[in-house]
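Enquirer: With the hints as your guide, set chain L onto chain A.
2 protein chains.
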Amino acid sequence: MTTYIVGVDVGATTTKFGLLTSRGEHREQWKIPTDKKNGGKDFPPQIIAGIEERFRKHGISKGQVLGVGIGVPGFIDEDEEVVSAPNIGWKSYPLQSVFADAFDVPVCINNDANLAAAGEHWQGAGKNEASTFFITIGTGVGGGMIVNGELVNGVSGTAGEIGHTLVVPHGRLCTCGREGCLEEYVAVKGLRRSLRDHLRNGMDTSRLHEDSDAIAIYEAAASGDALARHIVNEAAYYLGYALANVATMLNPEKIIIGGGISAAGDTLLQPLHLHFKRFVLKEADRKLALEPARFGNDAGIYGAAWLVMKRLGYFDGRRWPLK
Amino acid sequence: MTTYIVGVDVGATTTKFGLLTSRGEHREQWKIPTDKKNGGKDFPPQIIAGIEERFRKHGISKGQVLGVGIGVPGFIDEDEEVVSAPNIGWKSYPLQSVFADAFDVPVCINNDANLAAAGEHWQGAGKNEASTFFITIGTGVGGGMIVNGELVNGVSGTAGEIGHTLVVPHGRLCTCGREGCLEEYVAVKGLRRSLRDHLRNGMDTSRLHEDSDAIAIYEAAASGDALARHIVNEAAYYLGYALANVATMLNPEKIIIGGGISAAGDTLLQPLHLHFKRFVLKEADRKLALEPARFGNDAGIYGAAWLVMKRLGYFDGRRWPLK
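The listed protein sequences correspond, in order, to chains A and L.
First residue of the first sequence? That's 3 in this note's numbering, and the numbers climb one at a time after it.
First residue of the second sequence? That's 3 in this note's numbering, and the numbers climb one at a time after it.
For reference, chain A alone in the conformation it holds in the complex (with noise of 0.2 Å):
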């Protein structure tokens, strides 16, 4: 009898689902838009409903079903409820207790940004890495890490939060209402916040004015911009010092970037080696490296079904998947 487990990915306008087998095997994938009115308490129905949906689709029974997973943009606590996730409109919200309700399965509910650490560490760049440091530059920044071949969470779910670590002390004010958080200068709003700056200065360029966003700064540096180049570069620059303290302080054996911004590739990546040498200890430097993530946006999902996995003692002193 095939057994499955469910991956559930909420984000601020896209809720993503996959239907895995307990062998990893992706049976459907599939979306829904993520419905905010009513401080988000009228999304969790239509998610149980969307899974039950497919479960009879596929003629699934409950006993097949092994668990659901789930990723929320957010801090999520040790028993697993919502602390907030503000872009949903979750607030100290039991959104484990709803599911936990509603299937009669172990549900998991952890950060999206450890999840796609997971997904990751488990089937993507970070494959067979008993360590693993996972960045995801985008709108903002987000990180996860595997540990010892453990998701770490921290005691209020923060691990990870590398973009909220500072790098400028009282530099730029970050939407947490502290000042110089890395996010403020890598993510899409810190490049057109440098953009701004740096055309007020009167710095020259061919391509880009006040509304560029963060593809046309990205393209604009790819085909040789100068003002575009020097915002990449200055990106590069702090996300290279604070990865380099990351890889001082954890010593991973992998650094993952993902998220949207990574899909500028080399534009991104090739000042962000340089800068990461320069700012690295050596000897944490030694068996590291830097890479691409390998799954788009559906590391999360894979991410919630190996957290579900985890939890069921799948890969406890077992190589993964069993025989």
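Any given hint could be a false lead.
Just so you know, same-sequence chains aren't split out, so a pair can sit in one copy or run between any two.
Straight line, CA to CA, 30 Å or less: simulated BS3-like cross-link-like pairs of lysine-lysine [said to hold, decoys possible]:
1) K279 - K93
2) K59 - K39
3) K43 - K289
4) K289 - K33
5) K93 - K289
6) K43 - K59
7) K284 - K39
8) K284 - K43
9) K38 - K284
10) K191 - K284
11) K284 - K93
12) K129 - K43
13) K191 - K59
14) K129 - K312
15) K289 - K312
16) K279 - K191
17) K33 - K129
18) K43 - K93
Hints are computed from structural coordinates only; laboratory data are not their basis.
Expert: Only chain L this time, still in chain A's reference frame:
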């Protein structure tokens, strides 16, 4: 039959030993000067002879010895050989093999700060916490961490090396060859460097002069000397900044401050708390405590014994000590 574990903490000037029962009780503690002649190669036979002498003295047969744990001030590889321990002279030195040949029991080697972290986690200020970050501030700055109950080594042994995380890009030159490492701002030589810089800039003091040492600086700060307070506040600023980033990224339950300089007590801890609170991500600080170490210099011996007991499976899913 009582069984025993030997914990060894190799220091730059003195090497400390602890003979512990497998219930964690101290049977005897002793120390010998560290012999650094001949690139440190004369020293291991002295360690071995000292341990064997204690076994004879207490009538302990080889069958009663469960293992030997050794802390070394340097980088240790995953196969537990010493990559480099510049203060002893060891470089690519097969310390594990030398001891495994002498004693027919498990021999575990690890970095000294990692083992001090393990000692504080096991029996000290981090007792009963699943995750602990330990920082030791003295001649240099070291650190270690326990995550999900496991010691984190990293792929090339640098995990926990907070002293070599950068706090000032292109800042003071460090012995590691890079610029702006935390240890250049808060360890003994960092304080003295700050002192000289500020004296040169004409800052006023009634108690300090060019040759004042770290103890004098902290004593002067405690008695209200303006320059000394300025220097200590500066060190606390950088320390608070670096520890806030650790708290955000690792989100441990305890951050423990140890090492010689931590003897300064509130003179350091008060400004440190202030800067830490200002720099840390609010969510990361919700359940976190910043505390002085409970052990003095003995944490490493306990940690070395812990490492052996851990290897022997003493803590797996059971409360220590065994009933």
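Enquirer: Are the hints correct? Go through all of them and say.
Expert: Against the structure, the hints:
{"no.": "1", "hint": "K279 - K93", "result": "between (40 Å within a copy, 23 Å between copies)"}
{"no.": "2", "hint": "K59 - K39", "result": "within (28 Å within a copy, 76 Å between copies)"}
{"no.": "3", "hint": "K43 - K289", "result": "between (46 Å within a copy, 27 Å between copies)"}
{"no.": "4", "hint": "K289 - K33", "result": "neither (39 Å within a copy, 36 Å between copies)"}
{"no.": "5", "hint": "K93 - K289", "result": "between (41 Å within a copy, 18 Å between copies)"}
{"no.": "6", "hint": "K43 - K59", "result": "within (26 Å within a copy, 71 Å between copies)"}
{"no.": "7", "hint": "K284 - K39", "result": "between (50 Å within a copy, 27 Å between copies)"}
{"no.": "8", "hint": "K284 - K43", "result": "between (49 Å within a copy, 25 Å between copies)"}
{"no.": "9", "hint": "K38 - K284", "result": "between (47 Å within a copy, 25 Å between copies)"}
{"no.": "10", "hint": "K191 - K284", "result": "between (32 Å within a copy, 22 Å between copies)"}
{"no.": "11", "hint": "K284 - K93", "result": "between (43 Å within a copy, 15 Å between copies)"}
{"no.": "12", "hint": "K129 - K43", "result": "neither (36 Å within a copy, 40 Å between copies)"}
{"no.": "13", "hint": "K191 - K59", "result": "neither (42 Å within a copy, 69 Å between copies)"}
{"no.": "14", "hint": "K129 - K312", "result": "both (15 Å within a copy, 27 Å between copies)"}
{"no.": "15", "hint": "K289 - K312", "result": "both (27 Å within a copy, 26 Å between copies)"}
{"no.": "16", "hint": "K279 - K191", "result": "both (26 Å within a copy, 26 Å between copies)"}
{"no.": "17", "hint": "K33 - K129", "result": "within (26 Å within a copy, 45 Å between copies)"}
{"no.": "18", "hint": "K43 - K93", "result": "within (10 Å within a copy, 60 Å between copies)"}
Hints 4, 12 and 13 from the list above are not met by this structure, while the remaining hints are.
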